[in-house]
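**Q** Going line by line, the protein sequences match chains A and B.
Start counting the first sequence at 6; every next residue gets the next number (our numbering).
Start counting the second sequence at 8; every next residue gets the next number (our numbering).
Just to be clear, a hint being listed does not mean it is correct.
The following label-pair restraints were derived from C-beta to C-beta distances [as the list claims (entries may be wrong)]:
#, chain 1, residue 1, chain 2, residue 2, range
1, A, 379, B, 150, 51 to 59 Å
2, B, 147, A, 152, 17 to 25 Å
3, A, 186, B, 130, 39 to 47 Å
4, B, 243, A, 141, 52 to 60 Å
These are computed hints drawn from the structure, not numbers from a lab.
Here a beta-carbon is modelled for each residue, glycine too, at the ideal position from N, C-alpha and C.
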Amino acid sequence: MSELAQTATLTPARGRLRSAAALYGLWIATAVLFIVLPQIFTSGTALTTMSLMGIAIIFALSYNMLLGQTGMLSFGHAVYYGLGGFLAVHAMNTVLRDGLPIPLPLIPLVGGFAGLLFGVIFGSVSTRRAGTAFAMISLGLGELVASSALILRNFFGGEEGITTNRTKLFRIFDLSFGPQYQVYYLIAAWCLICMIAMYALTRTPFGRMCNAVRENPERVHFVGYNPQVVRFIAFCLAGFFAGIAGGLAAINFEIVNSAYVGAGQSGLVLLAAFIGGVGFFIGPVLGAILVTYLQIMLSDVTEVWQLYFGFLFVGMVMFAPFGIAGLLMMHEPLWRTGTLARVLPAYALALVTGLVALTGVILFIEMIFHFTVKAPDGPMMSFLRIRFSVATVLPWVVAALLVGVGGWLFRRVWPIATGAFHEALAHARERRQPA
Amino acid sequence: MSGSAIELVGIEKNFGRTEIIRGVSLEVLQGERHAMIGPNGAGKSTLFNLISGRLTPTAGSIVLKGENITGLAPHEINRRGLSRSFQVTNIFPRLSVWENIRCAVLWSMGYRYSFWQAIDRLADVSARTEHVLNEINLVDRRQIQAGVLTYAEQRALEIGITIAGGAEIILLDEPTAGMSRHEAEHAVALIRKVSEGRTLLMIEHDMGVVFNLADRISVLVYGKVIACDAPARIKADPAVQQAYLGTTA
């Protein structure tokens with residue numbers, strides 16, 4: 006795994022211009038992508054989903070400033086997201102009530118500064134410690150704020166939360182932000198700004214020292230830096246960006262409630278960052294997109310979607326601890342030397358057999374769920390558009406066969422796939438050698 | 008300019024009821040190469056930890072260039088111009104060699120916690136990093152993760168991180184430990200080069216290295232300095248031979 010030089014890959018002076026040009030190109034491409042996406046995916050659901058993805062990307066990247074960049078495992082990052090959301094909602098209502106000339110696109114900044122403020126307050130306590138102690142304090146602070154949300158009803162609105170109306174604010178360019186596509190573009194713009202800002206942060210003296218603190222906080226002391234201060238600044242800035250995400254969520258939903266600051270939200274952002282890959286800047290972006298997609302899609306398809314979600318997380322932690330980005334970066338040398346095509350047949354084989362086994366597992370889970378929890382609905386259920394009765398033996402036999410045969414084949418094919426990878430990697434190294 | 012760089016006055020350090028350092032007074036002169044020798048468990052590394060702020064002395068005071076630094080945090084002592092290396096390699100393993108050195112030059116060049124400057128555009132930082140990499144002969148390895156360097160290269164990087172900030176006073180804790188003779192010779196040449204014009208205090212077990220490099224030698228035995236003198240006289244000192252070199256003749 007030593008190739009995973011991750012975000013720390015350096016840019017010596019020689020390649021600087023070229024890499025800077027490549028970077029600008031990448032951001033422009035991202036901007037273009039954000040602009041045309043609604044033209045490709047035109048449905049209302051797609052627009053909503055993409056809006057949520059944009060918010061999730063900012064939130065997950067802000068989380069990774071802590072976990073991936075500085076090595077701080079937080080269980081309470083939703084506090085800054087949620088408080089940003091609440092402050093944004095109150096700001097919107099104040100603007101509405103007093104008719105202040107503050108347009109909607111600036112509201113996320115209110116969320117950001119709220120996140121920053123609470124980052125300063127809570128961070129001054131929690132960043133005095135690192136490692137497990139920091140994680141525990143973050144958990145405690147998360148619980149503290151989550152329970153306050155139900156007690157301080159004036160500010161948090163109790164169970165119902167606080168509602169607002171995004172369309173009645175001071176207008177610029179005659180944008181009402183009533184239609185979802187306008188909100189999407191607002192989120193997309195903020196998402197791009199935040200992505201660029203958070204990436205730029207990793208390329209500053211402070212950003213580099215974050216990585217140093219993650220690697221070896223003790224040594225940081227002996228090169229003149231106070232790791233506690235590095236952690237504190239990282240924490241405050243992460244709070245700022247989380248607050249922007251919260252503010253955007255408030256605009257998107259026009260309601261903020263106690264769930265925003267809760268442990269569930271904190272856990273979700275951890276999952277997104279980890280599944281995407283915390284060692285890479287792009288990781289949490291991929292994780293946020295996937296997790297948001299699954300949240301919306303899976304919950305439509307199956308009632309036990311959280312179970313699959315849990316399986317995915319456990320599977321990633323066990324078999325791909327560097328996340329999706331890690332898996333992709335593993336193949337970077339192959340892609341670069343054009344040897345990627347060699348592994349594809351073996352991968353396809355593994356994919357097909359794996360899918361067969363997976364289908365069997367899912368069939369089992371769904372049938373058990375139907376047989377137990379949904380027993381009052383009768384024995385008929387459908388899976389992959391096939392209707393059958395769980396009271397008969399046949400579907401159980403089919404599921405067992407799928408798992409058994411698929412699993413057996415997969416175990417035979419897997420060494421072929423990994424073998425193909427290593428062979429292609431060796432070949433790629435050989436090719437690169439003379440250069 | 009022959010003032011004292013480091014002055015220890017009656018330093019004591021206890022861990023619970025165990026006395027590790029039992030009243031050490033020592034003066035390291037500005038610009039000298041000072042070696043500290045002594046048997047295992049004499050407290051040499053503990054003394055380094057006390058001077059560099061990793062530990063706080065139970066009693067006594069530590070004076071750096073005339074300023075009392077007793078009880079200061081390690082980063083505060085580092086900012087006052089004292090930098091140290093470690094006996095067990097203490098680097099940033101998953102950062103590249105280049106990043107390792109660059110992190111070590113940043114504070115001394117005044118960039119502090121700057122999160123508004125693009126680091127790759129800081130020409131002075133890049134130049135200084137390049138210079139240090141040259142000094143420790145790791146220019147070709149700049150892109151490599153520090154954790155996968157060979158042992159001798161990691162030791163060189165350890166010294167590189169220590170000197171990168173341009174500290175006037177350098178503490179090296181067994182810089183040649185675990186090296187082959189050939190590697191050790193390289194390391195000694197490196198230490199000689201990088202300590203030019205600075206104050207050096209080093210712990211070393213290899214007597215060849217010590218007598219070759221040091222202007223003065225202190226001998227630490229059971230938490231006390233029993234001798235502090237020029238190499239030739241240390242060699243001849245019967246108390247040192249008795250306590251440390253083990254010869255009763």
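**Q** Check each numbered hint from earlier against the structure, then list the numbers of those it violates in ascending order.
**A** Going through the list in order, the structure violates hint 2 alone and respects the others.
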